[in-house]
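Chemist: When the letters of the sequence shown are read in order and numbered with the working numbering, they come out as residues 4 to 170.
Calculated from the structure, these hints are not laboratory results. Incorrect hints may appear among the rest.
Said to hold, decoys possible - Pairwise CB distance ranges (calculated):
1) F18 to Q156: 20 to 28 Å
2) L10 to I88: 28 to 36 Å
3) V84 to K8: 34 to 42 Å
4) I164 to R12: 33 to 41 Å
No experiment lies behind these values; they were computed from the predicted model shown. Yeah, the Cβ is synthetic: ideal placement off N, Cα and C, and Gly gets one too.
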Amino acid sequence: MSRTKQLYRENKNFFGYFIAALGGVIVQYLIGTTLLVNFLDWNNVKAFWVGYLVSIPVGFYLTKLLAFNARNSGKTTREIVKYLITIVVSGCITVYGADYSIRLLMNLIGAEKMTIPFTGKEFSPAGTIGHFMGMGMSFIFNFIVHKKFTFHQTGLWDRIIGVFRSH
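Using the sequences and the hints, build the whole thing.
Modeler: Here it is in structure tokens:
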């Protein structure tokens with residue numbers, strides 16, 4: 004077996020989740036930063052929350068399809084509930100991590116603006132880099148939690164359902 008195939012097999016969940024997360028990042032960045040911040044002048048926190056919320060279905064669908072052998076699990080309802088629990092924390096990491104990173108970068112490299120070619124619109128490199136830093140922090144959190152909790156049989160769901168059935 005070639006080294007590339009071996010590397011892929013050993014890290015299949017990571018590669019699948021990376022592709023799934025990339026889909027969510029694209030949606031999040033296009034909505035949150037490109038549309039709401041750069042073109043409609045929304046504040047970062049509100050714009051990032053909207054971008055994050057819009058990317059949730061994309062992220063769930065792609066993660067279920069591409070990572071953690073969850074495509075045919077037959078447990079979509081419990082995975083959705085666990086996913087929603089996870090994304091509350093993840094959203095805070097994304098939005099407030101990005102906001103803090105942007106503030107930090109503004110202090111370190113300044114609030115210089117660059118012009119987007121062909122549009123004449125200005126954007127802040129610190130804003131873009133900071134947004135990706137927040138999404139990167141969230142990626143690490145999500146990968147670990149989705150692998151160990153969301154798309155993993157923990158027994159928690161059965162215990163919760165058992166409590167409701169016993170009453």
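Chemist: Each hint: holds or not?
Modeler: Hints and how they fare:
{"no.": "1", "hint": "F18 to Q156: 20 to 28 Å", "verdict": "holds (22 Å)"}
{"no.": "2", "hint": "L10 to I88: 28 to 36 Å", "verdict": "holds (32 Å)"}
{"no.": "3", "hint": "V84 to K8: 34 to 42 Å", "verdict": "holds (36 Å)"}
{"no.": "4", "hint": "I164 to R12: 33 to 41 Å", "verdict": "holds (35 Å)"}
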